[in-house]
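K.L.:
For reference, the chains in residue letters:
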Amino acid sequence: MDDTETLGAMLVRRGFSRRSLLKFAIAMTSSLALPPMIAPVMAANLSRARRRSVIWLSFQECTGCLETLLRSSAPTIDSLIFDFISLDYQETLMAAAGADAERTLQEAVTANKGEYLLAIDGSIPVKDGGVYSLTGGRSNVSMLPEIAADAKAILAIGTCAAYGGIPKAWPNPTGAVGVEDLVSGKPVVNIPGCPPVPEVLSGVLVHFISFGRLPDLDNRKRPLAYFGTTIHDQCYRRPFYDQGKFAKSFDDEGARQGWCLFELGCKGPVTHNACASLKWNGGTSFPIESGHGCIGCSEPDFWDAGSFYTSLAGGSGAGWRNTGIALGVGAAAGVAAALNGRSKST
Amino acid sequence: MTDLGFLADDGLVDALLMEVAGLLHRLIENDEAGSIDLRAMPLSPSCIEMLKQRLGPGEITVMLNAAGRSEIHETGFSGVWWTNHANEAGRVIAMLIEVATVPEILRANIDDMRGSLVRLPASTNIARNRRAHG
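Listed in order, the protein sequences are those of chains A and B.
Here the first sequence stands for residues 1 to 346, numbered as in our numbering.
Here the second sequence stands for residues 1 to 134, numbered as in our numbering.
Quick caveat, the hints were computed from the structure, so don't treat them as lab data.
Incorrect hints may have been included.
[To be verified] Which stretches of chain A does chain B cover? Using the computed rule of at least three CB atoms under 8 Å from a CB of chain B, they are:
| hint | segment |
| --- | --- |
| 1 | 10 to 19 |
| 2 | 25 to 31 |
| 3 | 296 to 308 |
The beta carbon of each residue, even a glycine, is placed where N, CA and C say it ideally should be.
Please model the entire structure based on the sequences and the hints provided.
P.N.:
Structure (structure tokens):
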């Protein structure tokens, strides 16, 4: 596909019908929590749209974010949207290396000045002049403002890029921070998660390509459509929480019955993400469906928020039963409701 | 599902049916189609099944093969359609109640029809003979 070809023309050339595009738009409007009647408009806009340059910089990260996005789906119309971006720089994927790679980056920035999307995964270490993460001898902290300056918008992909993530965990030896700590004056969307849900990135890209702007964001600059509710709000085990039915250990009768994992440390009530609705691995399941509580990986400082197995109400972890302490700690309405429900069940 | 869950489902289904009625009224009075995205709400499988039963079956079922299979069923209420869209892997990617004379995705696209107008004469024997004989 050349840079002047529209998505509509590309789809026709590849044998996809306009109904396929409309169907894709229906699915995306659903995913983005837009009114279903917007779908024909989105399909028409996508059909007329052209390729959007994306420059992807990987900083202090584990490659998990890129891995999950690359393995997001089979080659379907869903993944065609990734053909519609021109990934002009991505160190892990590109063939070029060394000076050629650096030249590619500069050429992409120059050719798409003011129009490219800048995707970042990984945190940025700032301690000691940023010496803890270098690309081609240059620190991340010196590269980011330079490449961000000419970007149309910035996508902070994964919890590390959004909030510093695991590298920022205590004692944060490298002085890791998130993108927003270093960039100002540019539209930034945070897509946290360790790793993030791949469909969220495709949703943000589709929205940007269709309507020329980022989707509505919450106060942490996350797409509202995906992060507007908690895992708990969307969880299929929520009725058990409301009825006060909790698993007390990972192998008790409650666990086998699929009861709520709140007392086993599930962080679903305070974690905003779309895992419970979009799920993982092509919609197969998500951690709670596999019997493990949410660890809250898309929230800031999740690694320092205590044991994954300690109830949000307090206590010492799985099997904890002291409601007295919880009443002192549990100021949140959800916690209070949980305790109330539990007392009814016992 | 417990009695408590059943009662909650029943209330949700009633609310959704009233919304469908509102959309149908708008279609009749203003000729405006509408739809409800069932995946946008945390509906339990039992709630979805109850809603499907309350709407009942209609006269038309359409199978659409476009980037995966879609099933479009008219419900027992004229102008109210139940639509399931799946991708190539068979995963449901959208589930809607559409309120329209005909769901939009079934209509032929004007650009596609123009393309057909170009291709149709080329598929006749006259055109084949012309190509065969230079």
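K.L.:
If a hint holds in the structure, say so; if it doesn't, say that too.
P.N.:
Results of checking the hints against the structure:
Here the segment 10 to 19 of chain A counts 4 residues with a CB under 8 Å from a CB of chain B, which clears the bar of 3, and the coverage holds. Judged by the Cβ-Cβ criterion of 8 Å, the segment 25 to 31 of chain A is covered by chain B as claimed, because 4 of its residues qualify and three suffice. For the segment 296 to 308 of chain A, the assignment as covered by chain B is violated, since 0 residues bring a beta-carbon within under 8 Å of that chain's beta-carbons and 3 are needed.
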